[in-house]
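Next come the chains, spelled out residue by residue.
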Amino acid sequence: MYAFDFVKPSSIDGAAEALQEEEAMALGGGQTLIPSMKQRLAAPSVLVSLGGIAEMRGVCIADDGAVCIGGATPHAVVAAEAAASYPALAALAGGIGDPAVRNRGTIGGSLANNDPSACYPAAALGSGATIVTNTRKIAADDYFEGMFTTALEPGEIITEVRFPVPQAANYQKFLQPASRFALTGVFVAKYADGVRVAVTGASEGGVFRWSEAEAALSADFSPAAVEGLTVSPEGMIGDLHGTPAYRANLVKVLTKRAVAAAG
Amino acid sequence: MPKDHGIGASSKRREDVRFLSGRGRYTDDMNLARQAYAVFLRAQVAHAKINKIDTTDAAAMPGVIRVFTAQDFSGVGGLPCGWQVTDRHGNAMLEPKHPILAEGKIRYVGEALAMIVAETEAQARDAAEAIVMDVEDLPAVVDMKAAAAGGTLVHDDIGSNLCYDWGFVEDNKAAVDEAFARADHVTTLELVNNRLAPNPMEPRVAIGDYDFSTDQHTLYTTSQNPHVIRLLMGAFVLGIPEHKLRVVAPDVGGGFGSKIFHYAEEAAVTFAAKELRRPVKWTSTRSEAFITDAHGRDHVTKIELALDKDGHFQAIRTETFANMGAYLSTFAPSVPTWLHGTLMAGNYKTPLIYVNVKAVFTNTVPVDAYRGAGRPEATFQLERVIDKAAREMGMDPVELRRKNFVQPDEFPYQTPVAVVYDTGNYQATMDKLLDIADVAGFEARRAESAEAGKLRGLGLNCYIEACGIAPSNLVGQLGARAGLYESATVRVNATGGIVVMTGSHSHGQGHETTFAQVIADMIGIAENQVEIVHGDTANTPMGMGTYGSRSLAVGGSAMVRAANKVINKAKKIAAHLLEASEADIELKDGAFSVAGTDKSVDWGSVCLAAYVPHNYPLEDLEPGLEETAFYDPSNFTYPAGAYACEVEVDPETGKVTICAFAAADDFGNVVNPMIVEGQVHGGLAQGIGQALLEGVSYDENGQLLSGSYMDYAMPRADDVPSYVVDHSCQTPCTHNPLGVKGCGEAGAIGSPPAVVNAVIDALHRGGITHVTHIDMPLTPGRVWSAIQG
Ligand SMILES: Cc1cc2nc3c(=O)[nH]c(=O)nc-3n(C[C@H](O)[C@H](O)[C@H](O)COP(=O)(O)OP(=O)(O)OC[C@H]3O[C@@H](n4cnc5c(N)ncnc54)[C@H](O)[C@@H]3O)c2cc1C
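Protein sequences, first through last, are from chains H and X.
When the first sequence is numbered by the working numbering, its final residue is 263 and no position is left out of the sequence of numbers.
When the second sequence is numbered by the working numbering, its final residue is 1052 and no position is left out of the sequence of numbers.
Derived from the structure by calculation, the hints contain no laboratory data.
Predicted model, so just to flag it, every value in this text is computed and none were measured.
Fair warning: there could be bad hints in the mix.
Lysine-lysine pairs mimicking BS3-like chemistry, simulated, CA-CA at most 30 Å apart [as the list claims (entries may be wrong)]: (1) H/K252 with X/K717; (2) H/K252 with X/K862; (3) H/K190 with H/K137; (4) H/K190 with X/K565; (5) H/K190 with X/K612.
Using the sequences provided together with the hints, build the complete structure.
Structure (structure tokens):
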């Protein structure tokens, strides 16, 4: 780790200002950032903790029924507090990492980082969520731009994420045996106007929507609807833990299982 | 009734009080006055020529005390290898120099290039980044078969990447080939024994200290065998005589073999402490551990089994490529040879065996002993090929094994691969296994799994290991450059309490408890009257340390001998006090009595007389009560057993779930059943880890792909089932005083084939019959790919 300064503002404006500093970085739960700093792979001059901003923490229900999660809300809080309003999302949050990770790591940090194997991106894209920042609102469909890249501008802060609540949903996570991130994960959500299927962990392009499955499931929300589809291994991740063909297989298997579990 | 103390009791591990309450004293917990910190600059490429290492800027950085490179060590020796293998043609193995810091060439990612010593660790790290390396990349040698065939050399000066080409038993080769030519059936299997990173919970640490006023060096280090380190480093590397060098290995957080070896960092900090006249401390990071702790296994093998039409084994022939990595680690050459070839008979009467091992240098981390060392490799290939043969011949795998077992009345049994099994009963452990694994109920469980769309399989295997390492005169003939006896001093204090100083070293095994149980039992006193001291060359007799499941069998035997000397002397004292003949004195329950009378004197009074010799036979006997003994075993011990694993395979994803695992072991006599079961549990977790999860992986440039826990999968609690273990089949070792065999490695040796056999069985029962083998680790991706064909 290199030396750095640390500030903990209590307002979003204060944080935004602190982030204007050159080489400043926002600190959510530090579950990604701190390990990379320890390995000297990240070297911020100032860490701007978002943990002291009360309005960025917690889960609430908006007037339109959407579940709104403060950008600095830890996974464990989502797992507990969204359990009644959006069970599939709460279950996803409750399956991230281990208790220490869930009590520190935040939704804003996860979405800002956009790890290709992370879970929240699948929920956000699969739910058609809105990513609210200190300057604007970004639709999930416009937000994810590929592995570790997003529509966020430097210094922009995710203050809230709004999830429209589906009629039925489920997340199937197939564990990468070492990291226990998603080797592949599929989030399926059924809305009145159609089904969304978001896939994480599989593609070299990061989280994506499987549109063929969405069309088939919108017509017939049953595992059998997906049976006839094929997923191309083209563009899928190949590494120690699975070939592109294996991941393509998982996309289909997990989609079927998510539909079956969503009921 | 289970015993509540002494031999046979499940006494609670006394060391756990400090381990579980955070009071353990590990090397990194030590900090010496005026201590400086060492950081090593490590190679980022696997193979390169070093033109220049420019340390000018680094040396001028804040807090930097000195930067060391290879030149600074030109006056000292390289790291020695403790074993010399002689090849098929009678030539000594090729033995390249193993420098403390890289000389002229980089040979693996992680090799130490420079050591920076600074006031703080952070300053040393900053300075390491300021070192300018001028290197020319060379093609990396990674694949063993390509390396053996020639091409780029890891060590130019020795002229080959082939360390040795070993044949065992070379004289049997022609007869083995003939047996294959006339066999009714030959089963062939090619397999990989995957490379493992040992990953003890505590990373390595070394602190060098030097007192110029007495010319005394001290090394505090995370070692399984401080005396071995003192001998190797003192005599071969730094030229420090033993009386000027103390090596201390305090609490050590697991070793699994990786802390047997003498590592460069130990010599470097000891050397630097004298140069700088300051203590110098180095603590490995977890990332460094992955690229510097000696790895384990890494064999590529072809095994052939010849059978007659009834399934009797006729001959075994193997060819193995064994990875040595870039340099020879301390005991590396012995692992694929004498710890592997000698076990190829397994539990069976195979009259003819020929083992060929080609040890190869590659641009990877050195490979050496890891829990089981050689024996897991032998067991895996043998038990896999037997399963494959059973399937090919349509025979029951259990019956095929039973038919070929060395039968209970055939011990001692001379194998065709040098070793003589003293005792065993393989039918008994198999019977026990079938019972505790509820093999009879398998079919019902399989049907239940099938209902849920899962393929259930049952895999069994046997294992045998050679433990209690080792008879020195035998291993000396086989190339060992050290003796492998063990030592103990039993010191009785004036009021009867006992301190045992042992050359064995406990790094989690529970010696402080079990050794005390033995002494308490022998004398008939309470366990808490006995203290066990280990881990410091200054206060223990020269001993060889702990590995190869040797502590109780060899170290315990030395302790029993020393205790018997003490008891014999105490009897003389008692005879004097009781005015009786020594021959009539009996020791029971902590009291000496005269046979046939009610005259007796208790243990404490005898001890007091020894140290307060007012009424004492001073003309015949020295005062005091303290004895030392050395014990060199006459043979190895041969723990053996049978293991069963039940798995479920998800055919859609390839995921393997272990539903049940049963182990029936014969460890001979058992001192502490709870500790023995704990050792088996830990070994099983490591074996299951090897079978399903763990694997070190390099790319073709010699870059480590599995260099952190993000990619190297360690077994976790929910990866393993609740084990069913049994050690009630006991054929005591015939040649050590406790009749014990050793239990530390069995689980890791015996479990991988059971897991793989179970997965193959599941696939076959599920109609997926084209899969005859899958290489470990059986990750979901690999199993799924195998199913696809
Ligand atoms: C052992 C382990 C296991 C894990 N397992 C999983 C898993 O199974 N699934 C999974 O999805 N994740 C997993 N994670 C990651 C975890 O979910 C982290 O919480 C997540 O990666 C980052 O969140 P954080 O709050 O810790 O962010 P930090 O590490 O603090 O920050 C990450 C990045 O996001 C930026 N940032 C943080 N907050 C904001 C914000 N509000 N607005 C804008 N930028 C921000 C930071 O500047 C930084 O660049 C695991 C992590 C660990 C250590």
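(request) Please work out if H/K190 and X/K612 have their alpha carbons no farther apart than 30 Å. (result) Distance ~64 Å between H/K190 and X/K612 Cα, so the pair is violated.
(request) For the pair supplied as a hint, H/K190 and H/K137, confirm whether the alpha-carbon distance does not exceed 30 Å. (result) Roughly 23 Å between the alpha carbons, so the hint for H/K190 and H/K137 holds.
(request) Decide if the proposed pair is consistent with the structure: H/K252 and X/K862, CA atoms, cutoff 30 Å inclusive. (result) Status violated; Cα separation ~85 Å.
(request) Assess, step by step, whether the Cα of H/K190 is no farther than 30 Å from the Cα of X/K565, and give holds or violated. (result) It is violated: about 53 Å lies between the C-alpha atoms, which goes past 30 Å.
(message) Can you confirm whether the C-alpha distance between H/K252 and X/K717 stays at or below 30 Å?
(response) Cα-Cα ~18 Å, so holds.
Hints 2, 4, 5 from the list above are not met by this structure, while the remaining hints are.
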